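Asker: The primary structure of each chain is shown beneath.
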Amino acid sequence: MSYRGMTAEIVTITGDKGDKIKAYYAKPAGEGPFPGVVLIHHMPGWDDWTMEAVRKLAHQGFACIAHHLYDRFGPGSPDDLAAKARSAGGVYDDEVVGDVNGAMAFLRAQPESNGKVGMIGFCSGGRHTFLASSRLGGVDAAVNCWGGNIVVDDPTQLTPQRPVAPIDLTDGLKAPLLGLFGNEDKNPSPEQVNTLEAKLKACGKSYDFHRYDGAGHAFFAAERPAYRVEQANDGWQKVYAFYRQHLA
Amino acid sequence: MCSYITEKTEIFGSAKGAGGWSNVTAAHVYFDHPFHASLDHALSIDFMSGDTTRKVAVEMSAESARALVASILSALESGEKEHA
Numbered sequence: 001m002s003y004r005g006m007t008a009e010i011v012t013i014t015g016d017k018g019d020k021i022k023a024y025y026a027k028p029a030g031e032g033p034f035p036g037v038v039l040i041h042h043m044p045g046w047d048d049w050t051m052e053a054v055r056k057l058a059h060q061g062f063a064c065i066a067h068h069l070y071d072r073f074g075p076g077s078p079d080d081l082a083a084k085a086r087s088a089g090g091v092y093d094d095e096v097v098g099d100v101n102g103a104m105a106f107l108r109a110q111p112e113s114n115g116k117v118g119m120i121g122f123c124s125g126g127r128h129t130f131l132a133s134s135r136l137g138g139v140d141a142a143v144n145c146w147g148g149n150i151v152v153d154d155p156t157q158l159t160p161q162r163p164v165a166p167i168d169l170t171d172g173l174k175a176p177l178l179g180l181f182g183n184e185d186k187n188p189s190p191e192q193v194n195t196l197e198a199k200l201k202a203c204g205k206s207y208d209f210h211r212y213d214g215a216g217h218a219f220f221a222a223e224r225p226a227y228r229v230e231q232a233n234d235g236w237q238k239v240y241a242f243y244r245q246h247l248a
Numbered sequence: 249m250c251s252y253i254t255e256k257t258e259i260f261g262s263a264k265g266a267g268g269w270s271n272v273t274a275a276h277v278y279f280d281h282p283f284h285a286s287l288d289h290a291l292s293i294d295f296m297s298g299d300t301t302r303k304v305a306v307e308m309s310a311e312s313a314r315a316l317v318a319s320i321l322s323a324l325e326s327g328e329k330e331h332a
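Here the protein sequences line up with chains A and B, keeping their order. Just so it is clear: in the first sequence, position 23 is 23 by this note's numbering, and no numbers are missing. For any residue, its number in this note's numbering is found by taking its place in the second sequence, counting from 1, and adding 248.
Hints in this document: simulated from the structure, not taken from any laboratory. Please note: incorrect hints may appear among the correct ones.
[Unchecked claim] Per label pair, the in silico range of CB-to-CB distance:
no. : chain 1 : residue 1 : chain 2 : residue 2 : range
1   : B       : Glu258    : A       : Cys203    : 20 to 28 Å
2   : A       : Val164    : B       : Thr300    : 22 to 30 Å
3   : B       : Ser262    : A       : Ala248    : 44 to 52 Å
4   : B       : Ala266    : A       : Gln161    : 48 to 56 Å
5   : A       : Val11     : B       : Ala263    : 50 to 58 Å
6   : A       : Lys174    : B       : Phe260    : 48 to 56 Å
7   : B       : Ser309    : A       : Lys201    : 36 to 44 Å
8   : A       : Cys203    : B       : Ser286    : 35 to 43 Å
9   : A       : Gly30     : B       : Phe279    : 42 to 50 Å
10  : B       : Ala310    : A       : Lys174    : 24 to 32 Å
11  : B       : Phe279    : A       : Pro160    : 21 to 29 Å
12  : B       : Trp269    : A       : Lys201    : 31 to 39 Å
13  : B       : Glu311    : A       : Thr14     : 43 to 51 Å
14  : B       : Glu325    : A       : Gln237    : 55 to 63 Å
A quick note: this is a predicted structure, and the numbers were derived from the prediction, not measured. Even for Gly, the Cβ is constructed at its ideal location relative to N, Cα and C.
Please build the complete structure, drawing on both the sequences and the hints.
Answerer: Okay, structure coming up:
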């Protein structure tokens with residue numbers, strides 16, 4: 001790529017139940033066509049790292065959008081809205097799926113789109129990625145980065161907001177799945193990652209799991225102690241390669 | 249981890265934030281990924297006015313939180329003895 005300009009802006013998308021919600025959208029310079037990626041932020045919210053990750057993917061040639069999962073709790077700053085969402089017990093799975101559907105529609109409606117759309121999510125967003133990819137058609141490639149609570153060992157953890165263990169929806173998964181995990185993570189634990197892999201295998205799904213030694217949860221987070229430079233660099237390369245294979 | 253476990257307790261008092269002093273009626277306490285502190289997990293306290301308006305927010309390490317708890321209890325014990 002000889003020129004790596006991009007545009008990044010706040011846009012409004014039509015989410016679940018027709019609600020208008022904010023999203024951060026970055027696309028490479030040029031006419032395209034570009035594959036699209038829906039990025040699902042982690043539980044701390046629609047933060048600076050989320051936007052950096054959106055721009056990182058745009059830099060690699062993908063039109064990427066991250067919608068604000070907590071926008072309905074506003075107005076307010078992203079951190080205050082994350083606190084409100086937490087206090088309310090989190091967002092509803094149905095709403096998450098509806099919002100992802102709206103973000104995918106936004107990407108496909110752009111004149112630069114090549115029609116392909118992938119997903120990626122981190123932490124709780126990894127769970128959301130697995131959930132939405134299992135319930136929605138039209139996801140061409142899904143990346144689950146250390147999504148916790150996909151496997152639910154204790155059924156009392158199910159709530160009105162999160163009434164199902166996403167692993168139970170595996171049959172519905174149509175997209176190829178890339179999974180990145182740290183072997184020192186506790187949620188998902190290595191045992192839970194093995195359980196998820198066994199389910200994917202039993203259901204005949206296309207998946208590619210990578211487990212990293214010396215890394216725990218959120219090892220892409222460059223601003224936190226959890227950051228692991230070698231594992232993160234390798235992980236990002238695997239994400240780009242996976243999308244180039246499935247979204248071209 | 250991402251947990252949604254939040255301990256909520258009613259309190260009576262005031263807090264000073266960017267907007268000056270105001271009443272606070274509840275504290276929401278949780279241990280999870282912070283928004284700002286350079287920690288993987290932080291003990292966070294949101295001092296609330298009502299159930300939805302966050303007046304003051306703090307994020308600290310687990311060690312700091314335990315030290316703070318000890319300081320609060322120590323200050324209460326010595327202060328109440330002094331003012332009894």
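Asker: Now look at each hint and say whether the structure bears it out.
Answerer: Hint check results:
For B:Glu258 and A:Cys203, the hinted distance range of 20 to 28 Å is not satisfied, since their beta carbons lie about 48 Å from each other. Our hint of 22 to 30 Å for A:Val164 and B:Thr300 holds, since their Cβ atoms are close to 28 Å apart. Under the hint 44 to 52 Å, the C-beta atoms of B:Ser262 and A:Ala248, about 59 Å apart, miss the expected range. Taking the beta carbon of each, B:Ala266 and A:Gln161 are about 31 Å apart, not inside 48 to 56 Å as hinted.
Between A:Val11 and B:Ala263 the Cβ separation comes to about 36 Å, which falls outside the hinted range of 50 to 58 Å. With their beta carbons about 54 Å apart, A:Lys174 and B:Phe260 fall inside the hinted range of 48 to 56 Å. At roughly 40 Å, the beta carbons of B:Ser309 and A:Lys201 sit within the given window of 36 to 44 Å. Separated by about 40 Å at the C-beta atoms, A:Cys203 and B:Ser286 satisfy the suggested range of 35 to 43 Å.
Evaluation of the 42 to 50 Å hint for A:Gly30 and B:Phe279 yields a pass: the beta carbon distance comes to about 45 Å. Distance hint check: the CB atoms of B:Ala310 and A:Lys174 are about 42 Å apart, inconsistent with the given range 24 to 32 Å. The beta-carbon spacing between B:Phe279 and A:Pro160, approximately 23 Å, falls within the hinted interval of 21 to 29 Å. Remark: the range hint 31 to 39 Å for B:Trp269 to A:Lys201 is contradicted by a beta-carbon distance near 60 Å.
As the Cβ distance of B:Glu311 to A:Thr14 is approximately 46 Å, the hint placing it in 43 to 51 Å holds. At about 56 Å, the CB distance of B:Glu325 to A:Gln237 agrees with the hint of 55 to 63 Å.
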